[in-house]
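Student: Chains as they are written, first to last, in numbering that gives the first Met the number 0: chain A, 0 to 193; chain B, 0 to 103.
Honestly, the hints are just simulated from the structure, not real lab data.
By construction, the Cβ of each residue, glycine as well, lies at the ideal position given by its N, Cα and C atoms.
Please note that the accuracy of each hint is not assured.
In silico DMTMM-like cross-links for lysine to aspartate or glutamate, where the CA-CA straight-line distance does not exceed 20 Å [stated by the list, open to error]: (1) A:Lys86 - B:Asp94; (2) B:Lys58 - A:Glu139; (3) A:Lys184 - A:Glu174; (4) A:Lys88 - B:Glu96.
Covered by chain A, per the in silico footprint, the following chain B stretches (three or more residues, Cβ under 8 Å) [what the hints assert, rightly or not]: (5) 2-14; (6) 25-34; (7) 39-50; (8) 59-66; (9) 69-82.
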Amino acid sequence: MTIGSEILFYLLAGLTLVCGLLSVTTRQIFRAAIYLLFSLIGVAGIYFWLQYEFIAAVQIVVYAGGIAVLIIFSIFLTHQAGEKMPKQKTERKIFSALAVFSGFALAMVQVYQHEFITLNHEAPSPTVRDIGRQMLNVEESGYALPFEVISMLLLAAMVGCIVIAIRERKITNIEQGTLNDEIKKLKNGDKTKI
Amino acid sequence: MIQPGLYHLLFISAALFFIGVYGFFTRRNLITMLMSIELILNSVNLNFIAFNKYLWPEKMDGLFFTVFIIAIAAAEAAVAIAIIINLYRSHHSIDVENAEDLKY
Numbered sequence: 000m001t002i003g004s005e006i007l008f009y010l011l012a013g014l015t016l017v018c019g020l021l022s023v024t025t026r027q028i029f030r031a032a033i034y035l036l037f038s039l040i041g042v043a044g045i046y047f048w049l050q051y052e053f054i055a056a057v058q059i060v061v062y063a064g065g066i067a068v069l070i071i072f073s074i075f076l077t078h079q080a081g082e083k084m085p086k087q088k089t090e091r092k093i094f095s096a097l098a099v100f101s102g103f104a105l106a107m108v109q110v111y112q113h114e115f116i117t118l119n120h121e122a123p124s125p126t127v128r129d130i131g132r133q134m135l136n137v138e139e140s141g142y143a144l145p146f147e148v149i150s151m152l153l154l155a156a157m158v159g160c161i162v163i164a165i166r167e168r169k170i171t172n173i174e175q176g177t178l179n180d181e182i183k184k185l186k187n188g189d190k191t192k193i
Numbered sequence: 000m001i002q003p004g005l006y007h008l009l010f011i012s013a014a015l016f017f018i019g020v021y022g023f024f025t026r027r028n029l030i031t032m033l034m035s036i037e038l039i040l041n042s043v044n045l046n047f048i049a050f051n052k053y054l055w056p057e058k059m060d061g062l063f064f065t066v067f068i069i070a071i072a073a074a075e076a077a078v079a080i081a082i083i084i085n086l087y088r089s090h091h092s093i094d095v096e097n098a099e100d101l102k103y
């Protein structure tokens, strides 16, 4: 492994972590979305560095292309431009930081105490052909069933979004009045207007 | 400089996870909480990919888990944003402190 590759790894890691931290601490929500976008791109860069090109491409297409744009859209729909979010209480920040730090320290102690048996030989990175073959394989170690379940989930999510987004048509009082008149006319047998 | 390996990736993944948890604790705005959830899901993906790369390089199971998590995250974000925009329509605010009608 060359020095340049190591430097690239540390740069990508720094980009991911710094942008993630800025994304959860900045008070301007639009900046938070942009920092989140760069953090996701950093994760995609780490996938590229690990030579998992397919996952990196999926990450860029779905996260950086889809979810980030969706979030920015919803920010534009729900916020005034340049509006800052209200300040949080200091004690809440301190206690959250304490909880997070202790959790992180616990996790890292566990990780470093455990000895992982890493393989030294270089396996070829999976090609798109391998991934496709295993994903649609119905035999052992195939992923055809989860694939179908995910397609049903995406369909359900799509239908659910449409159902949530439909605005119920409110009938105003005036409309209700004319409606009642029409019904009276119909009852009286006056069908000339209709 | 130490050669980057599995432990470095696990460090990044754990740090990203706890950054997301910090955001989830401190934020009171629904969209920023959703962003924190995205960070947490990304850290999980990174963990799966790291284990797949360094412990079972000849298999692809971690990769498939990552693909499915990305698909579920996309569906979850779409539904969550539909709910948030609907909430904004009815309450004119997306602060979690104001969205407590279901509590009583």
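Student: Indicate, hint by hint, whether the structure satisfies it.
Tutor: Structure-based check of each hint:
no.: 1; hint: A:Lys86 - B:Asp94; verdict: 13 Å, holds
no.: 2; hint: B:Lys58 - A:Glu139; verdict: 13 Å, holds
no.: 3; hint: A:Lys184 - A:Glu174; verdict: 15 Å, holds
no.: 4; hint: A:Lys88 - B:Glu96; verdict: 14 Å, holds
no.: 5; hint: 2-14; verdict: holds (count 12)
no.: 6; hint: 25-34; verdict: holds (count 8)
no.: 7; hint: 39-50; verdict: holds (count 5)
no.: 8; hint: 59-66; verdict: holds (count 6)
no.: 9; hint: 69-82; verdict: holds (count 13)
Hint violations for this structure: none, all hints satisfied.
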